[in-house]
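Chemist: Please model the entire structure based on the sequences and the hints provided.
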Amino acid sequence: MNDAQKPALLAVQGVTKAYPGVVANSDVSFSIREGEVHALLGENGAGKSTLVKMIYGLVQPDAGAMELRGVPYAPADPRAARAAGVGMVFQHFSLFEALNVAENVALGMENPPKLRALAQAIRDVSTEYGLPLDPGRMVGDLSAGERQRVEIIRCLLQSPKLLIMDEPTSVLTPQEVEILFKTLRQLAAEGTAILYISHKLEEIRSLCDEATILRRGKVVDTCTPREKTARELAEMMVGAVLTPPARSGGAKGAVALQVAGLSVDSPIPFGTSLKDISFAVRRGEVLGIAGVAGNGQDELLLALSGEVRTARDAVQIDGVGIGDQGPNERRRAGLVAAPEERLGHAAAPDMTLVENALLSGAVRQGLVRRGFIDWAAAKGFAQTIVRDFDVRTPSTGVAARALSGGNLQKFVIGRELSQSPGVIVINQPTWGVDASAAAAIRQAILDRAAAGAAVVCISQDLDELLEIADNFAALNEGRLSAQRPVQGLSIEEIGLMMGGAHGMEVAHHGP
Amino acid sequence: MDLSAINPAVLVASLMMAAVPIILAAIGELVVEKSGVLNLGVEGMMIIGAVCGFVVAVKTGSPFVGFLGGAAGGAGLSLIFALLTQVLLANQVATGLALTLFGLGLSSLLGQGFNGIKPPATGKVPMGPLADIPGVGPVLFQHNLGVYLSIAVIAAVWWGLKYSRMGLILRAVGENHDAAHALGYKVVRIRIAAILFGGAMAGLGGAYISLVRVPQWTDGITAGAGWIALAIVVFASWRPWRVLIGAYLFGGITVLQLNLQVANVPIPVEYLSMAPYLITILVLVIMSSGRGRAAAAPAALGQNFHASR
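Protein chains in written order, with my numbering: chain A, 1 to 511; chain B, 512 to 820.
None of these hints come from the bench; they were simulated from the model.
Heads up, some of the hints might be wrong.
[Stated by the list, open to error] Part of the chain A face toward chain B, derived, beta carbon under 8 Å: (1) E97; (2) A260; (3) G261; (4) D265; (5) I268.
[Claimed, not checked] Have a look at the derived ranges for each label pair, beta carbon to beta carbon: (6) A:V398 with B:Y788: 57 to 63 Å; (7) B:A667 with A:G321: 57 to 63 Å; (8) B:L793 with A:K275: 49 to 55 Å; (9) B:L608 with A:G326: 52 to 58 Å.
[Stated by the list, open to error] With a cut-off of at most 30 Å between alpha-carbon atoms, the simulated DSS-like pairs for lysine-lysine come out as follows: (10) A:K114 with B:K697; (11) A:K275 with A:K252; (12) B:K697 with A:K161; (13) A:K252 with A:K228; (14) A:K252 with A:K218; (15) A:K182 with A:K161; (16) A:K252 with A:K161; (17) A:K218 with A:K200; (18) B:K673 with A:K114.
Every residue gets a Cβ at the ideal spot worked out from N, C-alpha and C, and that includes glycine.
Modeler: Following this line, the structure appears as structure tokens:
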């Protein structure tokens, strides 16, 4: 049967949703046919999440209507949506770490069978689709890829007609992504429609049949992703022409950061301990560290920033051991760090930008004199950051939590980069940041490196690392792979460095 | 010093009785905390339960109706907590502490004119011939309803949390309220129900003190039992049967130290009086230490939930 002849499964007509101060969706219309893989494209804040939340019944639209198989569809809550055959795999926050796999699956079902029967069903379905899972394990002990399998299996057990996937591959290795795609194509061939949200344009080009592009809550375009290049798709999303960051091929200097035999127990519940990590970064060099979430990235940042202390010589700056010293001593020695979590780790949410600038800049910028705060200098420092990094804020007196994610990210990254550091450690520099802000942040990192800083950039975004890093290594279960120059590295090789497919296998479920 | 006056059978029987108020309050609080809410107002809900139970029992002449009154009183006070923290999103720690202070004051007001009165007696559960078994009979089968009820509640909560769907949802809400909400569970409603259950159990425990254990009404009659219940929940690692062990330990040492005082043991009275608190917490700390994540609190404990976006 030709694709165009298949009946429409879900039709969304003129849906509008407004929140105080922002219109999340304005007159959005699109439709999905049975067995179609449909991409929703857009930057952060374009309204993708709100739209799928309305389809899944988490949010009620202010205006507009939806039809499922020609019947009016207005789910009052997710249970109604599930009953109607709509399943959703969340990007995060829908699993319970202290409960086991079977219990997690049961919570997402309307009338789950007894736990023992459910456990058997989980084993059956998971091997059928090549996503093996042990129903008795605690979710907190699972890898990110395995957690996602839990979510997918939870949906598959209810044989959904429409499966919504919100950024499903952000936590997977390239091999795992390939297996996931095989599973999804298998489902689509069986008639399940898939609504797929992702920032990864190459993935969308290889997987999706149709795409709807959102910008500031409105549908701005539709297209067939296969017929476009990734660059064209990105420019449709942003509505502007993008320029990739320029890198200078300058000579590298002496080793500035040396890590030798670093082993640390994780201070985080369900965290990953670091095992015998060694690497060296020279002045002017960017080391990109990849890895699937939860393989020790957070712990590595803590050990490098000084929040977790180690043996003196495990971490050395310019040949001096500082492993047993705290963050302030390390700042004095020239190391600055920007953690992944913006609110609560990088910045104190309820404190002003000036206070937040002071908190990390006090040592290197000399903002404290004889135990007293030099507010004028702190304010000047904050204003410099706001100006240099194009942070959009009414003033430096507003609380950090009042800034949007991208703006706050520019502020906290800018705060560290502005301290003329010798060593920079950054975890997820552009996490949840829109494309133009991400480009600005990457350029700023490259500029610092060109000025002679040694940079360690931890990221789950492979494209980002390939863009800015000179050398590449991957974290896998707390161990760091050998370093490889980025030039000439293939995605396939990167995937193997990240730990391959973690025991997944291709779906052997016959149609 | 005369230790021969201490009869082990009587000791065990009376420790079971002494532990009832703490068991009831603690198991109620355990359910509340499993749902992710930290209600520090247990002491206040207990004493309101004590005075309400006492007043209702005296007025109606029925201890059974009195217990119901106590449970209703505790649940009523906890409703204030529920409204403040779940609807108005007030800070749970501050609200809980205020609830205790409010409960202590209000109970003193309600109890005016009831000092020195004897409440109607609560009878033992007739166990027939079982009660006459030598040794076992006096220990296990000569108690009033409260003792059996407290054990039954522990068993029911254990079973419910572990095996029932309701228990699974309750744990899920306490573990990650955002995820529970995303799956379509009514976080606030579930938590309010848990808070009311906790309040009713604390009230029941309080009524047991004023109607059975003491039995009369005086100001401040609960004497910190609510705080011990709170500590037991934490050190029992949120496990129902450990709550029972902790409460019996506390009750046992309380009864034992009274007996030791009577027997003129050459230990200063002050040390004997503090022994139950010290030993119970010490033992539970040792039991709950070194188990890593398994002993940890519900992940969302004490965090307010507000459905945004």
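Chemist: Does the structure break any of the earlier hints, and which numbers would those be?
Modeler: The structure conflicts with hints 2, 3, 4, 5, 6, 8, 9, 13, 14 and 16, although it agrees with all the remaining ones.
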